[in-house]
Structures are given as structure tokens and as C-alpha cells.
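> Below are the chains, spelled out letter by letter.
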Amino acid sequence: MIKSILNRILGNVLRVFGLNRFVFNLIEYLKMTYLNVKFGSQLKHVVKRKGFTKSKIPLFCCVRNEMHRIPFFLKFYRNLGVDHFFFIDNNSDDNFVDYMKEQTDCSVWFTKKSYKKSNFGMWWCNYLLKKYGVGKWCVTVDPDEFFVYPKYETRNLVELTNHLDGIGQKTVFSLMIDAYSNKEVKKTKLTKNDNPFEVCPYFDRYNYTQRLNPELNNVWIQGGVRMRKFFRGKPGEAPAQNKVPLIKWRKNYRYLSSMHHTNSKQINCTIKNDSRFLSGAVFHFKYVSKLKEKVEEEMIRKQHYNSGEEYKMYKQHDFEMLYDPHWSILYKNSDQLINLKMLHRGEWF
Amino acid sequence: MSGSNIKIGFLLLCHEHPDIIIRLISMKFFNNKNCRVYIHYDKGKPKSWFKQLADYAKRRNNIFILTDRIVCKWGEFSLVEATTNMMEACLSDTSFRADYLYLISGSCTPIKSFATLQKVLFENKETEFIECNSVDQKKWIIGGLDEDRYKYYFPFNFIEQRKKFERFVNWQKNIGLERKKPANFDPHFGSQWFCITSKAARYVVDQMRVRETYNFFKYCWIPDEFAIQSLVYKVSDSHKIANKSLTYFYFNSFGKPLVFYNDHFDFLANSPHVFARKVSKEANNLYNKLDEYTGSNSIQECNVNARKPTLEHKLYEDKHLNELKGGKIGRVRDQWKDGIDKNEKKYYILTGPCKYLIEKMVNKAAEYEDTTVFNYIFNKYSSTPHAQKQNYRGFTNSDIIIRNYDPIAFLYQVVHSVDGEVCFAFDQDEDLEQIKNIIRWDYNANVMIVEPHWRNESEKLVSYLNETEAEEILGLNVAPNELTNIIHNVLREKDKNLWTTLLHSKEHNANIKWLEESDNYFAKTFKKLKSEYYQHTYLPEPNKILLNTLYKNNIHI
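As given, the protein sequences belong to chains S and H, one line each in that order. Numbering-wise, our numbering comes out as the position in the first sequence, counting from 1, plus 1. Numbering-wise, our numbering comes out as the position in the second sequence, counting from 1, plus 49.
In case anyone wonders, no lab produced these hints; they're calculated from the structure. Check before you lean on any hint, since a few could be wrong.
What the hints assert, rightly or not - Reference listing, derived: stretches of chain S covered by chain H, where coverage requires no fewer than 3 residues with Cβ under 8 Å from a Cβ of chain H:
(1) 4-13
(2) 148-157
(3) 337-350
Cβ coordinates follow ideal geometry from the N, Cα and C atoms, glycine included.
The shape of chain H in the complex, shown without the other chains (with noise of 0.2 Å):
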């Protein structure tokens, strides 16, 4: 196969647990005459690791262990001259000639087999794996000192030495100093774990080697993410930087890297990277399932393009990392709005003028065993889920305790309470007011209008009137030819149609429609139920009343 002769250095940046080291260059992706391995292991940890891990390496004849170590500290030079130290190392190995030299770290763990590497190395010839973005574009870094990083000394630690690191920092804002830069420097900054091609090796060692270059970058804050990355820049064609890392990294919103658990196995598999940063400690599972899988010869899936770069990852970062995130369990603001929040089940409402009509239709429909209606369950006055039977659907009629207790918790428990879709009947008059801006507001709520077939106007007018409102205009002992404006009225002061009245305005989040307009199931089923019934039977006794005074007195709206 072409490429399977590129050779690689791997030059490995650690300060963990030896075992953790040992566990990593054991793997048998590393077991390979084409891949050497070059440690560098932190001064400042215990003697008796290093011996332990160069006790490893005189086993292991592709395996090298620098012997003069540095102190590393996260932030200072030190990353940096480590790194180049390895990259000497690797470079003066003459008996290995290694044509990319790829920096990884103790966390970090192979995804992908060997030959897989060494494809997507050849396919892309000549490329640099390092991440290059100018810092004028100021996309790298979020937050945080960027430009500073160099125009200023940084003599202090971040983390040892806080206060004067900050005091220094300011003091040098306030007299207004600026460090000199190197000729030709042009900083680009990116992430650390690169893969490089020897020829670039080269340059960045002997450059490193330029006193100028050397102490502009010692005195410089977090010198990692980019010393290297302007070298790089520098001495390559931009169309040669791939500008990404084939090494799998993330930061989350507290700008802690991702950590990957036993059951990420999926998930880096089939991720188009090589690599991938960090592997919990304790995910052993995980690290011989991987040690099984990169062990292979065979040549596995690796979709990198150094072309196209990013957007690919992204795609493939978005869809896993925020998929459903959970529940809102404990996370309550105000109850109103954590009703709608908590649902994302599509329910529908029947609704209407003519009360009586729908609850005929309604209990009709609920006679059927796969549909599931509910009448009207947030009645202010009564709570029974369907007259006919006790238990309906888990719900009982002693219910409307635990409906006033918490209407929202209960409309989500009506809507959830089976598997399939949920229709129940509302009125907007006699039912809570707190469930109406529910349903108004809430996307998944699809409201459908009943008006039955009206023979004329005053049916139509009668209709709209409740039987208390019916019961008080008989009451008022009025001429006939007053009633119909008294009946106007006592609807304009009710906003007798929320619904209708909706329809043409833009105040809701609901799906409101006519019950001919929608097509769902239950509009289906009610559409065939509202031809069986003949509405006048369903007005209730005061409406009936009042609508014969109308008729008898011969008034025709």
C-alpha cells in the first residue's frame, strides 16, 4: 500500500503517573518499524518515575527517553523548549530519518490504526497538521490575553506567583512598554498537538537556536499556542497548513477539555481524527477497546480533508455534543413558564361556542379504544376526565385535588398520560385561566374551532351565551326587540371568541385552526362526528328559551 513506508516520530509531552505513560506506549498502535517514540518527562516529579518509565524504555528498542529534563509549568517557555528538545532529538536520530514528527501528550491515546495515519499523511503530502490563525482574526482566542501574550515580559508564574504576574503585567500597561519583535514575526496562534513535516521541524529548531528568537519567546505567556505556530507560518506555503489538529480535543463553556469515559468508544471511532485528548484514567475499558481497535494493520475510515477544514468536525461535534442535554428537573424559574418548557409532546384542543355539541362529541369519541379524549378537565367547577366511566386513562374523578394543587404538573401529566396523542375539550370560559395562556403560548398546542351548523343568525348568537348569562338576560324582564342588543353586548364584554379572535392576530404561539381546516386524527374523527349530530338539541335549557322568545317575537338577525 503506498504511504506505509512514512516514517513518524511521536514526541510525547507528559508529567502523569508513569503507569498511565507505560499503559499509553504499550498500546500496540505504537508496536510499529515505522513509529519511534520520543518522552519527555517532567523534572519537577518524583526520581523514582522517570526510573521507572526509562526502566520501560530500555526494554522497548522504538522507544526514547530524553535524559536532560526541563521543569515544565503550564503557561511558561519550558512547554515550548521541551518540545524542541524532543524535535532535536527525533531530528538527530539518524538511524530513523522520520518524515512527520506528530506531539502528543500523556492524555492523549491513539483513535485511529497506524496505517490509517500514515494514509492520511500521504494523501495529504506535504501538509502541516497545525492549527495557524492570525491574530487578527481574533477567532482563537476567547477571552483572555491574546496581543499581550507577546508585547509584554512574563518573568512571574500564573499560578505560583498570581499577584505579581497581575502587578507586573499592569505596571508594564501603565508605562506604555513594548517589547521588539523579531524580524519577519508574524504570530499565529493554535492549539498545541500538531503534526509537522521534518523540513519545518528543522527551521523551528534552528530558529529556536537564533538568541534573538530564543529570548523573545522565553519572556512570552503561554509561548505553546503559538511560538511554534509562527515558525510553522513562516516557513511554509499557506496552502501547505492544513490549519487544523489531527489531534480530537474540546472545551467545554468553562474552558475545562472534554474528557472521554468508557462509552465513548462510538464516538471517537468513527470521529475524523487520529488522536484524541483526554482519556479519563480510570476508563480502562475504554483504552483496550481502543488498544484492540488502533492495534489492527488494516487501514480504517478517516475522513480528513486538509482542504475543507473544520466544518466537517463541526457538523460532527454539534450533533453528538448537544443532543438532548436533559431534563428540567430541578430547574424551575416560575411555574408558567416551566410548564411550556417541560413539554414536547404535540397535544391538541377542542374548543368552541357551543359547550353542549362538544361534549357530546367528545364522549362519543372517547368511546373509542385508541383514541384518547379527555372533556372538559380544567373546568373551574369540576374535574371529572370522562362522564361515563370511573378510571379513565389512570385518571379518576377524584381528581381535581391533585389538578388544583399544580394544573400545569396535571396538563402534563393529561398530555403524557398515554403513548399516543392526547385531545382533550376546553372552554374558555369555565376553565382555569392559567391553562388558556398555556395552551396560547405553548407551540405544541393545536386548537380546533367547533361552530355548529347554524340555521340563522339568532342560533348562532344564542349559541355563544352560557347557560348563567342565558339564565340572566330571561331574567331581566326586557322588551323582545331590546334583546338582541342586550345579547351583543353581554358577548362584546366577554371577548366572547379568544380563539376566533386569534386566528388573525399574531399573539399566539399555538396552532390554531377551524376543526374543517385541520388535518390531524382527531380533527379527522370530530369532522365525521359533527355531521351525525344536529346542534339545536344541545343548546342548554336557557339558551333554548331564549332563542323561542326570539323566534316568537318573529326577530330575525
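Bound-form chain S, shown alone (with noise of 0.2 Å):
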């Protein structure tokens, strides 16, 4: 409330001079960098590869106890043509740095820090993505995301971007598609290097919801399995459903919520008004029977957005069945979603 008093105050004497907007742009980058040094400085580079700054497409995620994720999503994205992985350690004791030392195309910072202080690991990410990420097409996700596009089984990531270049498209907008199987979600075990696709194969098809974000341009969508049934009753609580995985990256990008948008308007959403450009989707592996241990535990650490508002709903359902044969329909490939209209292809023939 002060603050923005003092904001308005300040920027109407400015403004006499004609200085407000460089003022505030000024205290803008002041304020990013203090942050980018502070939350850069929690960083501690543990696993050090050589000549891990020269990845072409470098991949960057935040990591705490998911080690049940790891082997399958090292060799999801090691097939879509990333070719280094930035991980960043939030204090796990599932041996997940002497896993890491055996890969070659891995390197891992650790930290002990508050997950929740730094924006829901946002700042660590942003800083690794201004350190080395700056002028290649960097993919930014949660290990229980998968990112796919338009014919991604068939095509990797290099072509993907050097058409994206081509074409002059920077982001690739993309929905948040939350898979479950037709069983009780506590029953549905996910195991190491067991393949989430088939253990998770049901999306939901048709609930989706978007409106327009002019404060950010952005499309806010919602809906899915995560609306259908845990936000039924009030549905303007549900979670966003977007998000902005791959980004070609510039050194005033940052993300500001968990890669649903950045500070940047322009590539928020860039297919909103272009429908030759190409959008993409996550798939969000989260309804296994680890979350149970994982709300359990969240109920007392209360590190997640909302103070863990969504892991209250989860614990309420008691984890029940997800599946019902008129929303969900069983995976099968991206040619699918297009047709579903869930993806878009624009002129990537």
C-alpha cells in the first residue's frame, strides 16, 4: 500500500522531468540484479562437466527427491536433441548427486536454501538462464513435465529451433496437459526408468477453459483434470494451465511464475495473434503414488505456491481414481493432439 503510494508520488515528480521512465527502469535492473546475485550466490556448482557452457540446447530444472523421474527424463529429452542438462539440487537425499556424477552431459548446482524464497525456484533457474543460457533456445521445466511438439516423435529439437529461427517465433506457447491412469492414484506407482506415458496414459480432452491476460499478454487457460476435479466448485482458483517452456533466451528475460510467463510481453504468448506459428504442449506427470508423500510432507514445510492450497485439495480426494470414461481418452501421439486441436502446427508442414 505504501509502496505504491510512494511508487505514484515518486513517478509524477519524475515525470515533470521526463526522467520516470528511465528512473524506474534503472530501479528495475538494480533491483533484478541484487536478486540475481543473491539468489546466484545460494548456488553451488557440485558436478562440473567440461565444456558444458558450449550446449547447443541446454536444458534447465529444478530438482528436490525425484529420483523415481530422473532416469526416464534423461532419456526423453536426451532423444528430443537436448544436449546438456543444468540441474539444481534443492537439498535431496535421494543420492541424486552421485547419480548425476555418472552422467557426462549433466552438470548440478546445490542448494539448502528456501525453495519458496526464491519464487518457487524461479531465481535459480533465471540465474543459470542469464549465466549460460543467453542466445540459445534453452528448454526450462519441472522433472514431471515433458515437453512435446507438433510431430515431436519424429523430429528433435535442433530442427524444431531452426525452424522456429526461420520463421522468426522466439517462445513456443504451450498447454499444461495433467495425465493420470484409470487407476486410484495412490495405486499408480511410478518407478525408476519406468516410462511415465504408459503408466500415466489418460488426459483430459475437452475442459479447457482460456481468457486473455492484458497485463502480461498472455492467454491464461485452465481446466483439465486439475479443474474437472479438484476445482469444481470454485473454479477461478484453479491453477494456470500454460506455460512457456522453450525460450530462445536474452539477458532481460526472466520468468516470473514457474515458466507460465515472463517479464517480457512479447513472448508471452506468441501465437495469440499469428496462427502460422507453432504451440506446443507439457505433459504433467504429478498423479502418481509418490504425492501422497510428497503432500504429506508439504503440509508441514509449506514451500509451495499458494501455501500449498493445491496440495490441501489433493489430500481432501484422498487420491481417488482421476479416470472417467466421458473426459479422459488415452494417449496416443502429437498427431492426436493436433487433431484434438490441443496443438498447433501452423505452417510446420
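With the hints as a guide, bring both chains together as one complex.
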């Protein structure tokens, strides 16, 4: 409150001299530099690889006790053409670092600091992105998220980014698809090396709503199984289902909240005004038996968004079955997503 | 087989990494005694690259690499000069005597067998497969300079010396300079990738040796798109020119060439062309598959007809390139329009004046397993997908919240809730205005208007009123004689039968019909149900009283 009043007074005073833009930009820049240094210094480079700065398509990811997903995660993204993984390990106790030491294309930064205070890991990612990602096509995802795009089965990220460079598309706007199995969540076991696309092959096909977010020039999507199951009574609070996981990074970019949007209005939703561009999708495999442990831990830790409001909702529903024959559809391939109009291939033939 | 002794010299104009060039020329397609490859490798590239390629060429007896190379730059004469150098090398190869010369690039790849190419050339004897479009038609160049390309001097490079380039062109325009064209110069534009007879090639090479012609083309802009084309046009009979290329290429709306990936094998194999451009460097699977396919000795289907140009190709292109491009995710302008755009499935709406009759029919129809009928789900005051059941087709009685959050998305969900077709009841007074507009302008909406069997006009009039209106009229305490006038006034005010009015106007996109005239699955069901029900019972209580008052006072309209 006081802050906004001060801002307004300062703005009006400076406007007289025509300096308001410059001063606010300067304040913004100093603030960003400060946060960058602050959160950057929290990270300790524990697994170093030779020539890791030369990677062409790097991937950035913040991890905490996710070993049950990592082997497939690496396999999936290596297959897509990611040539170096930048992991931030937030105090895992499942031998994550030891496993990473065996991989030749992974670097790890370690921190014990608060996940919440660093804007749910975003500041750590922003720091690494600014340091190692500028000028490159950077993938930024959570360990339970799998980025797909039209025909990703037969075309790799190098081909995709060559096309994007050719047509001048700077980012890939993506729909986040929550996938689940046809069993109860607590009985859906995902272990090491399991393919989550096989363990959780179902997703909601039609119940998505989208509205404009003029402040960030973004399209705000809600829906899927989260809306249907957990937020049907209060749809306004359902979490956002849109992400921007692939960006050709520039030094003034930064993610604001969990890859949903960035500070730059031009890149938040590139396909909004040009149907010739393409969009992607992010498969989100959250609903497995491990969620129960995570929720119970979270009830104590309280390190997640909106003080774990979403997690309380999960507990309420007691990890029951999410599958419903009227809403769910079995995942086949990216062509299916195009036919369901959840992906947009634009002019990428 | 006839035509199997046709000899083809390939002119490979390239600047890519030698690994990619070697991958291309080591394809089985080029391993043929009737085929020779002459390579011009860009001088601007590292020496070690050239050496690698030259070493490979030495090991093959039908691949030759030109030693006098030039630096090639996009848009400059160097590309034409390199091409004519290769043509000269090919024509002076006395041990080979090529019948045809085919220009390809490092990112081209064969998509048909060598025998197929021979057959195509044999069937279209002495045809020049080269695009020659007259500059007057102005069809070929979309945007950018056309006639200016040879009107002025272009000594500067477009990419490296952009400012000088533009300034110099503008200066020439301002002073009204115009270059002298060589005699008989008739400019024709077309793609660079040709397949021409050695006779035409000989003429091109000879002409390029003439100082006047050489100097003219040297300072033109993008001469690779008209220099050789114009010369070939001059020497050949016009009916011998196919005006199309045997190489498949396509430029998207960004002006970028189409790139082929691993999943394009079927598209390329069925395309009526012999070569394709460009193939992604990463598409190893596609290369292997094509190597297998084009390496065979058999003749494959390749429907090239020199007489009937482009139409076939266009149809083929349209069929594949313009098929479904994807969805509306992230493509939101305004919600109202978005709701219509998103849906491509037909849906059915049952509407009409007698609300209770419709409700009765819908409730009955919903009991059938294979029919999906919702009742008034867009009612402003409540949303129950179906009266009897708690959970109907994935919807529950509490869905009013989610419906009110985004009614259009809810409509979309309802329409797609089952694989089959969906029908719902809609009341034009009590249901959401927003949805009414959607239905009205949606091509996929099929509105069926149902009216009960009236016994007389009074009944008809009264049934058009809704409960509250009837109550209000009853509460007015007016003389019975004036009742009919009041009812008429009320109905006139509320635009009583929107759908029936629309029936006769053109201000809608929906398919609006009487139930009796409709012919679909739901119409059949409802027609049957309607004959079972008798209307009188289903008037709401106040309407019944009103009707009785009319009867009592012997007012018959």
C-alpha cells in the first residue's frame, strides 16, 4: 500500500522532468541484479562437466527428491536433442548427486536454501539461464514435465529450433496437460526407468477454458483434470495450465512464476496473433503414488505455491481415481493432439 | 527398357559441410554408369572441407570435382558462373556425352529411382524441365524487385553491404538510369533448379562466353532466377519447355523453403517429382529410407506430364500442406467468437414455446442408453443436466458454478461429452443470452422448434407465456374481454418466438427447422415422443388458470 503510494508520488515528480521511465527502468535493473546475485550466490556448483557452456540446446530444471523420474527424464530429453542438463538440487536426500556424477552431460548446482523464497525455484533458474543460456534455445521444465510439440516423435529440437529461427518465432507457448492413470492415484506406482506416458496415459480432452490476461499479454488457460476434479466448486482458483518452456533466451528475460509467463510481453504467447506460428504441450505426470508422500511432507514444509492450497485439495480428495470415461482419452501421439486442437502446428509441415 | 541408355550429368552446386555432401552423393541413386556428378564447391568454405570432398571424389569414378572454384554468394552472378562452369565441364567430358544436365544443390535429395528419371525424360523427349515465366505475367515473383533486377547495376552484396546496396539502387532510380539489354533479350523468371538437354546447355555456355551477355548478367540482381531461364527460352521451341521443375520445393508464407523430416517419406515418395529440396540435416532416417527406395532398379510411379503443368502438383500440395493445422489453444481474441471457432461438431437444440412439454420429452429420451439429451442446462437460475440422475454423462447437478465461470467453454464440453451427437433443450426466455447468440451464428447448430398440438388459438396464445408472465396477467384484475389484448401486447414485447421469426429471415447461420421438417436421429425420437404426449397437461399452473378464465368467459380467439 505504502509502496504503491510512494511509487505514484515518485512517478509524478519524475514525470515533470521526463525521467520517470528511465528511473523506473534503473530501479528495476538494480533490483534484478541484486536478486540475481543474491540467489546466484546460494548455488554451489557441485558437478562440473568439461565444455558445458558450449551446449547448443541446454535444459534447466530444479529438483528435490525426484530420483524416481530422473532416468526416464534424461532419456526422453536426450532423445529430443537436449545436449546438456543444468540441474539445481534443492537439498535432495536420495543420492541425486551421486547419480549425476555418472552422467556425462549433466551439471548440478546444490543449495539448501528455501525453495519458496526463491519464487519456487524460479530465481535459481533465472540465474543459470542468464549465465549460461543467453542466445540459445533453452528448455526450462520441472522434472515431472515432458515437453512435446507437433511430430516430436520424428523431429528433434534442433530441427524445431531451426524452423523457429527461420520464421522468427521466439518462444513456444504450451498447454500443460495433466495426465493420469485409470487406477486410483495412490495405487499408480511410478518407479525408476518407468515410462510415465505408459503409466499415466490418460488426459482430459475438452474441458479447458482460456481467457486473455492483458497485463502480461498472455492467454490464461485453466482446465483439465485439476479443474474437473479439484476445482470444480471454485473454478476461478484453478491453477494456470499454460507454460512457456522453450525460449531463445536473452539477457533481459526472466521467468516470473513457474514458467507460466515471463517479464517480456512480446514472448508470453507468441501464437496469439499469428496462426502461422506453432504451439507445444507439456505433459505433466504429477498424479502418481509418490504424490501422497509429497503432500504429507508439504503439509509441514509449506514451501509450495499459495501455501500449498492445491495440496490441501489433493488431500481432501484422498488420491482417488481421476479417470472418467466421459472426459478422459488415451494418449496416442502428437497427431492426436493436433486433431483434438490442443496443439497447433501452424506452417510447420 | 526404352530410355535406359539416357545419360544424365548432375551438376551439384554446394557449400554445405562435406559430410552432408558425401552422404548425398554416396546414395545408391548416383551409383550408375549412366550418371555422372560434377561438383562445384564454394571457395568461401575452409580448404580442409574441400580436401575431404576431393579425396572422396577421387575414390569414385563417376564423380568429378571442379578445381577452379569461385566464391558463391546468394543473389550474385557467382552462382550462375559456377553453374555454367559445371555445364562446361560436363559438356566437354567426351567420354560421357550427357543427354541431360540436372542442377541440384547440397540439400536436395533424390526421391525416385534413376530408372524413373530416365523414363520421365524418355517419355517427354527433348523437353526442357525449367521454369520460364514471362515477366509480364508477374506471377512468379511475389513482392520484391522484378524488372529492376536487370534494369540497374548491382555491384554490392545485399547481405553484407545492405546500406550501399539500397542507396545505390535508389540513386540509379532517381537519375533515371536504365541499362542496355542485349539483343533479343526476353526475360523469363523461374526456379534455379533445372533439367535441360545438352543442346540447350551448349547454347547457354556459348552465350555466356559472349562478352556482352556475360557483362550484362554480371551486374544483375539474383541472376540465377532468370539468366539461364531466359537463354533456354530463346533457344527452345516454346512447346518444348515444360515450365516446371522436376525438383520439388515449396516456400511458406515467411519465404522460407519447406524442410523435410523423418516423417515425410510417404509424402515425398508419392510426389510427382524426382528430386526434393530441402531435407533436414538431422533426418538420418529419411535419408536411409530414401536411399533404399531410390536405389532400386525398378521404375516407380511418377506422374509427370510436361504438357499439363503445375495443376496436379498444386492439388497434391494443397491436399497435404493445408490439411488441419491445429487448434485454438492460445488463439483467443474475444471469447464469443472463440466459442464458435473451436467447435466443429454438429449439435442439436430442442426449443419451443411449451416448456413443460419439452422437459417431459427430454426426460423421457434421456432414459434411452444410446441417446444423449440434456434438459435446460443453460437456465439462468439453475443447471441440472438431467432431472432424475445425479450424474449424467460426466456432469453433476453442481456444475452450475463451472458453467457460470465460462458458459461457452461449458457448451463446448457438453457438445463433446460423448462420441456421438448431443442434443439439449433451450428456452429462449430463461436461458443465457450469450449462448443464444452462439447458437444463432453457429453453422454446426441444428435448432428444432417443437410446438404442441393446439386445439384452438387460445391455447396456443397462453402456452407462449411463461409462468411469471401468466401470474402477472392474472394479478392484473382486468375485465376478461381485455385479456386477449394484454396477452398479445406482452408477447409482442418479448419477441415471443425468436426462432420462428428467424426461420423466415436470413440473420442466422444455424440450421433452424420445425421439428416436423427436421430429419435426424433426435427428430425421429422426439416426433415419436410428441405423438405420445398430449399438450394440455403440461401447461404450468398459472397458464392453466388463465386458459380456464378465457374458456369460462367464452372468449375464443
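> Taking a Cβ-Cβ distance under 8 Å as contact, does the region 148-157 of chain S have three or more residues in contact with chain H?
holds (count 6)
> Quick check: do three or more residues in the region 4-13 of chain S have a beta carbon closer than 8 Å to a beta carbon of chain H?
violated (count 0)
> For the region 337-350 of chain S, do three or more residues have a beta carbon lying closer than 8 Å to a beta carbon of chain H?
holds (count 11)
Hint check: a violation occurs at hint 1 only; the rest are consistent with the structure.
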